[in-house]
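Novice: So you can see what is in the structure, the chains are spelled out below.
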Amino acid sequence: DQQVKQNSPSLSVQEGRISILNCDYTNSMFDYFLWYKKYPAEGPTFLISISSIKDKNEDGRFTVFLNKSAKHLSLHIVPSQPGDSAVYFCAASVSNYNQGGKLIFGQGTELSVKP
Amino acid sequence: EADIYQTPRYLVIGTGKKITLECSQTMGHDKMYWYQQDPGMELHLIHYSYGVNSTEKGDLSSESTVSRIRTEHFPLTLESARPSHTSQYLCASSGQGWVAEKLFFGSGTQLSVL
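Those sequence lines, one after another, are chains A and B.
Mapped onto our numbering, the consecutive letters of the first sequence carry residue numbers 1 to 115.
Mapped onto our numbering, the consecutive letters of the second sequence carry residue numbers 116 to 229.
By construction, these hints were calculated from the structure, which means they are not laboratory data.
Since this is a predicted model, take the numbers as computed values, not measurements.
Be careful, since some hints might not be right.
What the hints assert, rightly or not - Here are the simulated PhoX-like pairs of lysine-lysine, each with C-alpha atoms no more than 25 Å apart in a straight line:
hint, chain 1, residue 1, chain 2, residue 2
1, A, 37, A, 102
2, B, 172, A, 5
3, B, 217, A, 54
The task is simple: from the sequences and hints, build the whole structure.
Specialist: In structure tokens form, the structure reads like this:
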């Protein structure tokens with residue numbers, strides 16, 4: 001039973017346009033959500049996060065939106081750059097003594113930004 | 116930003132060999148994790164530790180074992196490697212407390228068992 005799902009394995013956009021990556025989750029206990037960027041044979045690097053008490057968080061070109069009623073979050077990259085080409089993972093976590101820090105990941109979406 | 120190191124980066128070995136993947140962090144983090152990832156798939160948690168002498172199995176069953184004798188060190192061992200163990204192994208750490216927070220990842224070890 002996959003608790004975090006990224007239904008689009010790949011996404012291709014033109015340089016300068018907006019990239020929108022989507023993520024759905026099933027566990028209503030999740031209260032913290034993150035996006036990571038990963039290159040092949042490298043470790044993931046943290047991009048941006050959002051707490052369940054917010055519905056939007058922005059950091060430069062990256063914005064994450066959270067819709068708790070739909071159990072959906074999305075990452076917007078504006079404008080997209082060729083250097084953004086990578087695999088993007090959505091992750092979620094629960095803040096409690098037993099679970100705090102354990103991230104549940106989606107399958108990833110491979111973003112390709114074409115010049 | 117984050118100081119977490121994994122060695123080796125790449126490892127090719129034969130079936131039946133014993134291997135240890137090393138992971139060290141210099142941030143004084145209490146919590147450390149091992150994830151396993153195959154191409155096109157999610158990262159699966161296989162082991163975690165919330166402090167010295169504390170280790171737990173993760174959500175994905177693994178034949179590997181871990182130890183946490185020192186705060187900064189969290190090695191993973193496979194007693195007898197098999198081709199099914201071929202994967203990328205990612206070590207991570209995070210700060211103190213039970214509040215959910217971001218993990219810092221190492222560069223990973225790409226393991227190939229022939």
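Novice: Of all the hints given earlier, name the ones this structure violates by number, lowest first.
Specialist: none
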